[in-house]
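A.B. asks: Sequence:
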Amino acid sequence: MMKTRAECLEKYGSDYFIEKKIEEGVLFRVGKGIYSEKKYVPEIAMFVYKYPNAVVTMKSAFFFHSLTDVIPDECDLATTRDATKIKDKRVKQYFVPDDFFEEGIETTNYKGYDIRVYNKERMLIELARYKSKLPFDYYKEIVLNYRKILPRLDIQKIQDYALIAPKSNKVLETLQLEVF
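With our numbering applied, the sequence shown has no gaps in its numbers, which climb one by one up to 301 at the end.
Some hints could be false.
Said to hold, decoys possible - As a list, the in silico BS3-like pairs of lysine-lysine whose alpha-carbon atoms are at most 25 Å apart:
| no. | residue 1 | residue 2 |
| --- | --- | --- |
| 1 | Lys141 | Lys210 |
| 2 | Lys141 | Lys124 |
| 3 | Lys159 | Lys232 |
| 4 | Lys141 | Lys153 |
| 5 | Lys288 | Lys213 |
| 6 | Lys252 | Lys232 |
| 7 | Lys142 | Lys153 |
| 8 | Lys141 | Lys206 |
| 9 | Lys269 | Lys291 |
| 10 | Lys124 | Lys254 |
| 11 | Lys254 | Lys269 |
| 12 | Lys252 | Lys278 |
| 13 | Lys213 | Lys142 |
| 14 | Lys171 | Lys160 |
| 15 | Lys171 | Lys213 |
| 16 | Lys254 | Lys208 |
| 17 | Lys232 | Lys254 |
| 18 | Lys206 | Lys254 |
| 19 | Lys160 | Lys232 |
| 20 | Lys142 | Lys206 |
Claimed, not checked - Label-pair ranges, simulated between beta-carbon atoms:
| no. | residue 1 | residue 2 | range |
| --- | --- | --- | --- |
| 21 | Thr228 | Arg268 | 25 to 35 Å |
| 22 | Leu255 | Ile276 | 15 to 25 Å |
| 23 | Gln280 | Tyr161 | 33 to 43 Å |
Since the hints were made in silico from the structure, they are not lab data.
Positions of the beta carbon are idealized from the N, C-alpha and C atoms, including for glycine.
Generate coordinates for the entire structure from the input sequences, incorporating the hints supplied.
C.D. replies: Encoded structure:
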């Protein structure tokens with residue numbers, strides 16, 4: 122279980138006692154101001170804990186959903202447009218319109234940690250929206266993997282997401298031409 126510095130201060134009393142617990146191997150520093158009772162915490166779990174209002178998206182979500190075997194260089198997180206800028210160099214932040222942000226969020230258990238990530242249907246919409254910003258080979262790999270799992274996807278959800286997505290006409294056209 123992860124804890125913030127404030128939670129550790131409440132439990133242990135002072136920074137001195139927090140450092141003592143770290144020296145004893147009872148507590149581990151996994152990020153700036155983030156502590157865990159487990160020695161190894163997946164980086165994605167630490168970022169989701171550190172930024173609880175963010176959702177895993179784009180390359181991180183494609184990897185998470187096994188749609189690609191390319192390990193992302195940074196953690197891609199979506200936030201609302203009015204969210205504070207994330208200043209961590211290991212995080213790429215995507216600002217999403219408020220009315221589209223909540224669509225397709227699911228909480229999945231990953232190595233014992235709850236991860237908020239967009240579902241596969243929503244990620245198909247994101248793939249179409251960001252087509253021009255992704256490397257061609259990477260894009261094609263993911264499209265081919267989507268074609269393989271198409272019978273298991275909820276087509277109605279995909280259509281619903283596409284209709285409320287920014288630039289919905291372009292998204293629908295891309296999906297029709299390249300995926301379906």
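A.B. asks: Each hint should be assessed against the structure and marked as holding or not.
C.D. replies: These are the hints, each one checked on the structure:
Distance hint between Lys141 and Lys210 is unfulfilled; the C-alpha atoms sit about 30 Å from each other, more than 25 Å. With a CA separation close to 16 Å, the supplied pair Lys141 and Lys124 stays within the 25 Å bound. The suggested pairing of Lys159 with Lys232 holds, with an alpha-carbon distance near 12 Å, which does not exceed 25 Å. Taking the CA atoms of Lys141 and Lys153, the gap is about 17 Å. The hint holds against a cut of 25 Å.
Pair hint Lys288 plus Lys213 holds up; C-alpha atoms about 22 Å apart against a cutoff of 25 Å. About 30 Å separates the Cα atoms of Lys252 and Lys232, which puts this hinted pair outside 25 Å; it is violated. About 16 Å separates the Cα atoms of Lys142 and Lys153, which keeps this hinted pair within 25 Å; it holds. Taking the CA atoms of Lys141 and Lys206, the gap is near 33 Å; set against the 25 Å cutoff, the hint is violated.
A distance of roughly 23 Å separates the Cα atoms of Lys269 and Lys291; the hinted pair therefore holds under the 25 Å criterion. For the suggested pair Lys124 and Lys254, the alpha carbons sit about 36 Å apart, so the restraint of at most 25 Å is broken. For a cut-off of 25 Å, the pair hint linking Lys254 to Lys269 stands: about 23 Å separates their Cα positions. The hinted pair formed by Lys252 and Lys278 meets the criterion: a straight-line CA distance of about 20 Å does not exceed 25 Å.
Our distance criterion of 25 Å between C-alpha atoms is broken by Lys213 and Lys142, whose separation comes to about 32 Å. Using a Cα cut-off of 25 Å, the hinted pair Lys171 and Lys160 holds, with the two alpha carbons roughly 17 Å apart. Of the pairs offered as hints, the one joining Lys171 and Lys213 holds, with about 14 Å between alpha carbons and a cut-off of 25 Å not exceeded. Restraint check for Lys254 and Lys208: the C-alpha separation of about 22 Å stays at or below 25 Å, so the hint holds.
Between Lys232 and Lys254, the direct Cα distance comes to roughly 31 Å. Violation of the 25 Å bound is thereby established for this hinted pair. Among the hinted pairs, Lys206 with Lys254 is consistent with the structure: their alpha-carbon atoms are about 21 Å apart, no more than 25 Å. Between the alpha carbons of Lys160 and Lys232 the distance comes to roughly 13 Å, so the proposed pair stays at or under 25 Å and holds. Restraint check for Lys142 and Lys206: the C-alpha separation of about 32 Å exceeds 25 Å, so the hint is violated.
At roughly 27 Å, the beta carbons of Thr228 and Arg268 sit within the given window of 25 to 35 Å. Taken as a hint, the range 15 to 25 Å holds for the pair Leu255 and Ile276, whose Cβ atoms sit roughly 23 Å apart. A C-beta distance of roughly 41 Å is found between Gln280 and Tyr161, which places it inside the suggested range of 33 to 43 Å.
Going through the hint list in order, the structure does not satisfy hints 1, 6, 8, 10, 13, 17, 20.
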